[in-house]
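Student: Sequence:
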Amino acid sequence: MGKVLNYVGRGIRNFVRRHKKGISLAGALVFGTSAALTCGIYKYITTPPKDFGRVGQYWHTYKEREKLKSIENNGALENKLNINRKDNGSSGGAYPDPNIIGIWPLTPDNGIKVVTSSGREIVTRYATWNYASLDEVPKTVINSVLSVEDADYLEHKGVNWNLRKIKGLFSPILGGRRVGGSGITEQVSKMMFTDFGKIKPRRSAMQKLRELRYAYYLDSVLGKEQVLEFYLNTTPLGDSCYGVKCAAMNYFGKELSNLTFPESLFLAAIIKNPGANPKNSGFEFQKRRYDMLCESLHDLERITEDQYKECKSADVIKMKPGLKRRRSPISDPSVFSALAYELENYDFDLVDNVVHQPNPGFGFTVYTTINDEMHDALGQAFVDGLKPNQEQVQLGAGAVLNSEAQIVAILGRTDYSTLSGAWSFRNLAVAGRRAAASSIKPFVYGSCYDQENSNITCKPGNVISDSKKGLRNPPHNFDGKYERRMSLAEALTSSNNVIAYKVCRRIGLRNVLPVIEAVGFDVAEYETVFRDCRNTALGSGRVTPLELAAAYRVFVKDDDGNFSAEYRKPTIIDRVDLWSFNYKVNLSATKVFRSANTVESVRISLDRLGNKIVGSKYEADIGFKTGTPNPTTHWYLGGVLDLDSVSYSIGFLAVAKPKVVPSKKNPKVLVKVYPNKLYASGVLGPVVKSFVDGVAPRKEMKPIDLYVPAVASLDSVCSNYNLASVELTLPSADNHDLETLGDILSACSSYFSANNENEKYGLFSYAAGRVWETLYSNEATSSPGSKTALLYYSSAINSYKTAVQEDSFSSLAEERIRDLKIKREQEANRIHAD
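In this note's numbering, the protein residues as written are 1 to 834.
In silico DSS-like pairs for lysine-lysine, Cα to Cα no more than 25 Å straight-line:
#1 LYS760 x LYS689
#2 LYS657 x LYS672
#3 LYS469 x LYS481
#4 LYS677 x LYS689
#5 LYS591 x LYS569
#6 LYS157 x LYS50
#7 LYS224 x LYS139
#8 LYS760 x LYS459
#9 LYS287 x LYS139
#10 LYS387 x LYS689
#11 LYS318 x LYS272
#12 LYS557 x LYS584
#13 LYS254 x LYS312
#14 LYS190 x LYS157
#15 LYS63 x LYS50
Listed next, with one range per pair, are the computed distances between beta-carbon atoms:
#16 SER117 x LYS139: 45 to 53 Å
#17 GLU121 x SER645: 27 to 35 Å
#18 LYS821 x ALA747: 21 to 29 Å
#19 GLU619 x GLU757: 21 to 29 Å
#20 LYS657 x VAL717: 47 to 55 Å
The set of hints was computed from the structure by calculation and includes no laboratory data.
In this text, a Cβ means the ideal position worked out from N, Cα and C, and glycines have one as well.
Let the hints inform the model, and build the full structure from the sequences given.
Tutor: This is the structure in structure tokens:
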């Protein structure tokens, strides 16, 4: 029918253009055609429609709310209304199901808020409407709106037929300027047909007829009061206000019940043209319309003389100053973008609702799991920890999870202040996928430790060689050393590539990939491009810092202090307040390792590396594993932190800053050169240390008791010493006590060397070197050039050279040797000068 009407209209318009002198004849033809069609059109309009669907902007909003509610069921969408009717995806072909008006509003207002666990505001999207029942709306407001929009609303059956209406009906056919005049029910009908994100439906003659037909139907099934209430709460009133309640507060700072008659009439006048904002340049325009409305209503005797005089009084309309704010600034892009990214998993667009949408369909509050203290400490740790390498590091990102896999701290990137918009795509913590490198090795070793096959023996103490003989395409060790024998625990701590490759081959890739998949990594990359033990053991697959932190959660203790060996999908959502729906997010756990002993075995290596980098001066246990790819485009660190009976997992990333230099082969071509011989322990180790320093209390350290019982065994004596206590003793002890301490530490070093405990061997060698160096400094100050000073110097150098052989203390010992040689040279210069 719509095609027929458009065809007839096109013919009439062409006739008018060709025969300008026959306009009167064309007019007669138009009215004749209109009269002929009127009977059929009226019959069509008054016939109730049958083709209903969940279409239009309001049903779209309902579906969006259902997506948000589906978080409670881990993404399972629910159909609360259970309406068995056609559901088209657009407004074409189906009439909007009117049941949506019966359940509207979905929430009392559409304000949106995101806060941390302590209530700190991340962002607030201010409400653009506040729903008011018809009983809350004063008669003055209702009468004013009816007088302006639809004076005969209470009498007609959905459509008020008059000459203006008929002219408007045929304007799509005749062309030219479209004529208004839609009544309240018709406006509701038009709003119901409007698709989400559109201002109005696509205009056509058939669409106009469908709207009129739907208006008749709404009036018959819903009644006057329900339609009017819906209209008063959804009609646009300018300055980001929809509905009379929001407009009353925005323009006059009043509740509806406190509005004067002129103020009510002024709101009604705005409805005709809400685009002219009366809070700025549109005030004079709206004031003229208001004055014209007063005169018109007075002439029609629809208001009393007293009301007319009140309306015409000077300064009767006083605007509340200030434009309405749409939202507060996003105070923490890291948290907001991480939340937006997680909600994308439920097909819910937070950025669109908070930032872009002028009028969100419902309101809600998201309470995140962010712990403000740990969150601030994480940000500061990256600022302080990356400073020493700022010339080679471009930016950093990281995430911290508690034992429930809740995100308690997150840093999307350290350079957020230079960016704007598109947060969910620029948060490296949740979306910056890069090769895991050696940070994946704990899961390779864990796969081996967890084997129940009696033919495969994997224990932390098992000794294996890192020889490359007999291996096809073996990996290279970062230090270039081979033919060494070491335990699996030592191999994991020192990140030995050859042994990691051998471990993977020992149990087979078929036993490693299920573990990698179980901890949330994208195993598809390993199954296709990198399907071999070499690439798997070296972490060629990509992960994000958040995924790394979630994977390392397998190695943390649960709230009862036990190793559950379980993986949980990370979440930043604690609970969502959606009016009558208030629910917490509770995601299920997946068992990764069969035995808690597997986790304990891996923790041996993680804790060794953690103690080496962070030390033992904190009331916390820290363990981690680093990853440095080749070329060095970035650095990864995954780890665990046991603090105050609460365990956390961490995933840190630093991105390298390449230098652009001319190519050696062709100087005209510029190439990127990445940092060389800069490893993750040196880049992210200071970040971890700074973070632990910000969240963990320090131990109360006491100087060493130098009295050693004669009957004590060397093993029990050595267990009383650690590097922190030695450093604390050095400034206060005299030379005699220091000599005793140096002898004890040297004896401990020899003891652990004989027992192949290389980690402790290196520790006590380095500690002994610190004692002999202190003795040398004391002696060189009091007796420069003495034989005693030379003896202390030689003892210190020898102890440090011993420590250099152990990877854990090689860099520290080499640095001390350089400093000690400088001191020796300065001493010689002083003697020569004298």
